[in-house]
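Assemble the whole structure, with the sequences as input and the hints as a guide.
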Amino acid sequence: MQQPDLLVRVSEFKQKFYPRKWAKYEEARMGSLRLVPAVHSLPRLEEDYEKMKEMIYGDYPSFDELMQYIARLENSINDS
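98 is the number that the working numbering gives the last residue of the sequence shown; the numbers go up by one with no jumps.
None of these hints come from the bench; they were simulated from the model. For clarity, every value in this text was computed on a predicted model and none was experimentally measured. Each residue gets a CB set at the ideal place from its N, CA and C atoms; glycine is no exception. Heads up, a few of these hints could be off.
[Said to hold, decoys possible] Here are the computed distance ranges between Cβ atoms for each label pair:
1. 84 <-> 50: 31 to 41 angstroms
2. 69 <-> 48: 29 to 39 angstroms
3. 42 <-> 90: 14 to 24 angstroms
Rendered as structure tokens:
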């Protein structure tokens, strides 16, 4: 990530102006970002993704490919 300080500033801004009890803004730091959805939510997300196929034009990844890409992205960001 080219501007790691930007992540801190954005999370502080959101915490100040858009507080949400469920949001864990203090955890939005390099090395601890979580992009991959929780395991318990994957079946519902996959079902929704399948229903949305008609809205996606051209080639699109399978749900598993999409989750693998997100996992690689998460690892890449956290390893920076």
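Going through the hints against the structure:
1. 84 <-> 50: 31 to 41 angstroms: violated (22 angstroms)
2. 69 <-> 48: 29 to 39 angstroms: holds (35 angstroms)
3. 42 <-> 90: 14 to 24 angstroms: Taking Cβ atoms as reference, residue 42 and residue 90 lie about 23 angstroms apart, which means the hint holds.
In terms of the numbered hints stated before, the structure departs from hint 1 and from no other.
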